[in-house]
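A.B. asks: Sequence:
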Amino acid sequence: LGRARSDRGGGVSRQIEALQEVLEKLKSKRGPHYEKKFGQVPMCDAGEQCAVRKGARIGKLCDCPRGTSCNSFLLKC
1 LGRARSDRGG GVSRQIEALQ EVLEKLKSKR GPHYEKKFGQ VPMCDAGEQC AVRKGARIGK
61 LCDCPRGTSC NSFLLKC
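Per the UniProt record's numbering, the sequence shown starts with residue 1, numbered consecutively.
Hints are computed from structural coordinates only; laboratory data are not their basis.
Incorrect hints may have been included.
What the hints assert, rightly or not - Distance ranges between label pairs, derived from CB positions:
id, residue 1, residue 2, range
1, V22, S69, 33 to 43 angstroms
2, G59, K25, 18 to 28 angstroms
3, L23, K54, 46 to 56 angstroms
4, Q40, K76, 35 to 45 angstroms
5, V12, P65, 34 to 44 angstroms
6, G47, I16, 28 to 38 angstroms
7, F73, P42, 16 to 26 angstroms
8, I16, L61, 17 to 27 angstroms
9, M43, L23, 27 to 37 angstroms
Note that the structure is predicted; figures quoted are calculated from it, not measured.
Backbone N, C-alpha and C define an ideal beta-carbon position, used for all residues, glycine too.
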């Protein structure tokens with residue numbers, strides 16, 4: 001029983017090291033769109049794709065500029 005616990009401890013430290021490596025890789029891949037605040041979407045240009053359709057649902061990618069709106073059929077500003 002004591003031996004199994006020591007094996008688990010070694011496995012946990014290996015898992016922690018692996019997670020730290022993954023986190024370091026993710027930090028280096030982060031772009032400016034990951035730094036946005038939650039609940040806010042970036043602005044997009046007129047004619048740019050502003051939404052994505054997944055089945056019956058539509059997900060908003062960005063806000064359209066003033067004077068334009070996101071067309072729910074074309075999914076563009």
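A.B. asks: Work down the list of hints and note, for each, if the structure agrees.
C.D. replies: Outcome of the hint check:
1. The hinted window of 33 to 43 angstroms between V22 and S69 holds, with their beta carbons roughly 40 angstroms apart.
2. Range check, G59 to K25: about 26 angstroms between beta-carbon atoms, so the 18 to 28 angstroms window is met.
3. Evaluation of the 46 to 56 angstroms hint for L23 and K54 yields a failure: the beta carbon distance comes to about 28 angstroms.
4. For Q40 and K76, the Cβ-Cβ distance of about 20 angstroms falls outside the hinted range of 35 to 45 angstroms, so the restraint is violated.
5. Checked against the given bound of 34 to 44 angstroms, the beta carbons of V12 and P65, roughly 51 angstroms apart, lie outside it.
6. One distance hint, 28 to 38 angstroms for the beta-carbon pair G47 and I16, is violated here, with the actual separation near 47 angstroms.
7. Checked against the hint of 16 to 26 angstroms, the C-beta distance between F73 and P42 comes to roughly 22 angstroms, which is consistent with it.
8. Separated by about 35 angstroms at the C-beta atoms, I16 and L61 break the suggested range of 17 to 27 angstroms.
9. The beta-carbon spacing between M43 and L23, approximately 30 angstroms, falls within the hinted interval of 27 to 37 angstroms.
Hint compliance for this structure: hints 3, 4, 5, 6, 8 are broken, all remaining hints hold.
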